[in-house]
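Student: Okay, here's what each chain looks like letter by letter:
Protein chains: 2
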Amino acid sequence: MKVALLGYGTVGVGVRQMLLASPTLEAGPVLVRPGKADESWKVTAMEEILDDGEVGAVVEVMGGVDAAYRYAKAALTAGRHFVTANKMLVAAHAPALAALAEEKGVAFLFGAACGGGVPFLHNLARAVGSGDDVTALGGILNGTCNYILDAMERRGQDFARALSGAQSLGYAEADPGADLSGLDALRKVVLGCAAAWGLLPTEGLLREGIESFTAADVAALAALGRRCRLMGRAEMQGGRLCALVEPTVCPAASPAAAVLENGNLAWYRAKNAGQITLLGQGAGRYPTASAVLRDLEGILEGERSMLPRGCRPCRAEGGLLRRRYYVRCPGSAAAALEAERHFEGEAGTARLLTAPMTPAAIHQWAAARRGAGEEIFFAAWEEEEC
Amino acid sequence: MKVALLGYGTVGVGVRQMLLASPTLEAGPVLVRPGKADESWKVTAMEEILDDGEVGAVVEVMGGVDAAYRYAKAALTAGRHFVTANKMLVAAHAPALAALAEEKGVAFLFGAACGGGVPFLHNLARAVGSGDDVTALGGILNGTCNYILDAMERRGQDFARALSGAQSLGYAEADPGADLSGLDALRKVVLGCAAAWGLLPTEGLLREGIESFTAADVAALAALGRRCRLMGRAEMQGGRLCALVEPTVCPAASPAAAVLENGNLAWYRAKNAGQITLLGQGAGRYPTASAVLRDLEGILEGERSMLPRGCRPCRAEGGLLRRRYYVRCPGSAAAALEAERHFEGEAGTARLLTAPMTPAAIHQWAAARRGAGEEIFFAAWEEEEC
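Line by line, the protein sequences are chains A and B.
Numbering-wise, the working numbering puts 199 at position 199 of the first sequence, and it's gapless, one number per residue.
Numbering-wise, the working numbering puts 29 at position 29 of the second sequence, and it's gapless, one number per residue.
These aren't lab readings, by the way, just hints derived from the structure by calculation.
Hints may contain errors.
One copy or two, either will do: identical chains are not told apart, so a pair holds if it fits within one copy or between any two.
Unchecked claim - The calculated lysine-lysine pairs, modelled on DSS-like cross-linking and capped at a C-alpha distance of 30 Å, are:
| id | residue 1 | residue 2 |
| --- | --- | --- |
| 1 | Lys42 | Lys73 |
| 2 | Lys36 | Lys2 |
| 3 | Lys42 | Lys271 |
| 4 | Lys271 | Lys2 |
| 5 | Lys2 | Lys104 |
| 6 | Lys73 | Lys2 |
| 7 | Lys2 | Lys42 |
Working from the sequences, and respecting the hints, build out all of it.
Tutor: Structure representation (structure tokens):
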């Protein structure tokens with residue numbers, strides 16, 4: 001099968017290299033910006049790709065939403081399989097693209113959009129396809145944040161130094177806002193919800209990043225035998241869905257705490273299979289490109305979709321779960337929280353473990369205290385190994 | 001697709017329940033022993049299954065090798081897809097069954113035979129199919145041994161008490177020899193080699209179980225921040241293959257050390273994807289049955305094989321790798337080993353870390369010392385997180 005590429009950046013270069021080495025796939029035209037077509041196989045107009053009757057699949061690795069969406073619709077309308085590594089595109093337009101692909105009898109796959117090299121969505125979709133009932137999913141879905149947390153914990157770096165290290169290694173963008181705030185991880189949770197339940201939560205999502213995490217928090221958690229990870233989580237209960245991203249404190253001897261550097265971890269829990277956890281490289285040229293190639297190989301084997309039929313937007317409910325939270329806040333602010341345990345804190349600072357409460361309640365409380373100018377750190381307390 | 005079952009034990013009951021609940025699969029006849037056909041859907045002759053023209057796939061969950069092999073050949077010859085959870089059958093006859101399935105254009109899948117509910121072989125086969133180059137694989141592939149090691153380490157039980165606990169929970173057989181000696185895990189490593197490289201190593205395999213591990217070893221390793229796991233490993237170097245099962249001492253903060261109870265962990269390393277690790281339930285009715293259902297769903301999607309074409313037996317080479325080993329032996333026996341570090345040992349006992357040496361050399365040394373009546377424990381020393 002001849003495969004066209006949209007975009008020729010870090011991942012695109014890797015995908016083309018692998019296509020050239022593949023015994024079953026053929027490297028086709030690559031769409032680049034006008035003026036950048038310095039090779040015979042580079043083209044600057046989508047029509048040149050769609051006019052090539054041999055192109056069976058189009059791979060989008062250009063990023064952004066609007067142009068990528070136009071190209072996706074054009075490729076699917078023209079009866080070409082469509083594979084993307086673009087989580088923003090999928091989070092924004094999965095229902096429409098899935099419906100169009102089904103109508104045209106072609107594939108719409110996006111294994112590289114969640115977990116990079118970790119084959120999470122594929123396995124999740126396969127569990128659903130085999131009739132298993134997925135009840136929850138989540139994981140460490142942003143390698144930049146994990147690199148920073150790990151550098152703070154194992155190398156004793158402060159937040160700013162760890163962030164600058166992540167940037168110099170190319171893990172973090174010049175503007176790392178979407179990573180640090182949990183937005184990137186949340187988009188991946190949304191894709192997991194789509195694969196697991198055919199629901200794309202667009203409202204009611206809760207998100208807390210790692211910007212408030214400090215070296216003092218590292219030390220306080222280490223004394224409890226715990227490490228902090230930024231973890232996404234989605235849970236389905238009685239047809240209602242909760243989806244969020246939060247710092248989470250895990251036992252030091254847990255798979256999540258053992259995820260180092262910019263590694264990723266993704267898990268799902270299903271009625272029959274139990275909990276399945278996958279670890280690997282969440283980003284990078286070759287891991288991400290390998291996920292694209294696995295999708296293309298899946299297409300050759302007959303795979304067509306990662307989504308249950310009729311995937312649709314929904315509203316998530318932040319009040320659905322009850323979790324304990326580890327909180328660091330000014331001593332004066334702690335009284336509003338029901339504490340199960342108090343830990344030793346710096347002067348004027350409370351460190352405590354709350355009684356089980358809804359994610360919505362702690363997020364609202366933290367937002368209100370921050371609105372009053374207070375410094376707050378909070379993180380879900382993982383009861384079991386995570 | 002109508003699915004017939006061979007065998008109706010622990011896993012078979014789970015598979016039938018899931019078939020009855022499946023929207024895409026239909027529960028067909030179930031082969032049981034003569035005299036046990038107490039339901040209309042139970043049959044006692046393979047012919048009754050093959051005479052049912054609606055049966056599209058046959059699932060073997062009866063165990064044993066000879067009868068299972070006859071039935072497998074009969075099913076494939078009759079043009080039926082064949083799915084098995086039987087690692088002994090696959091380790092013994094994969095090349096012949098794969099060739100027969102290919103000739104008949106039907107599927108031969110055995111995802112449940114390695115890792116139970118953990119979708120290891122499927123992902124490994126898919127990585128290979130997408131052109132990625134697998135260089136090594138391994139993991140914790142025997143839940144019984146892991147339960148025993150974990151009970152010794154976290155609950156302070158001695159070996160006999162931990163084994164008896166595993167038996168009372170139904171994890172260990174009345175004769176647990178194949179588990180404790182590493183034979184069961186080694187069979188799964190062999191299946192991994194078949195999926196990764198199309199090679200079924202039948203000679204030159206190295207195997208050390210957990211029978212020599214003691215409470216004193218637990219304490220000595222804990223003092224080093226390490227835990228013991230029984231791990232399989234296979235590595236391909238320049239067309240030569242090493243495949244073995246050995247106790248392995250891992251850092252306490254590693255994913256392997258975080259595998260508790262009867263959990264499994266399986267990993268592969270590939271040139272493009274990097275290392276991918278999967279964790280989950282390695283055995284049990286529903287996890288294993290869920291793996292069978294995933295194979296059947298894969299057949300509906302077009303999956304036909306987990307093996308590269310031309311899978312063939314080969315000889316493994318125990319001299320291929322070089323690893324450091326943690327060794328406990330009588331002080332008088334230690335002189336024959338080149339030690340990089342000496343640890344504190346009980347009176348008359350040496351505890352040491354060897355310089356890198358071949359697996360063949362340490363296995364031969366241990367066999368010779370045991371032949372002389374000495375008590376030896378040795379375990380590979382995991383350099384990185386495992």
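Student: What are the numbers of the hints that this structure violates, sorted from low to high?
Tutor: none
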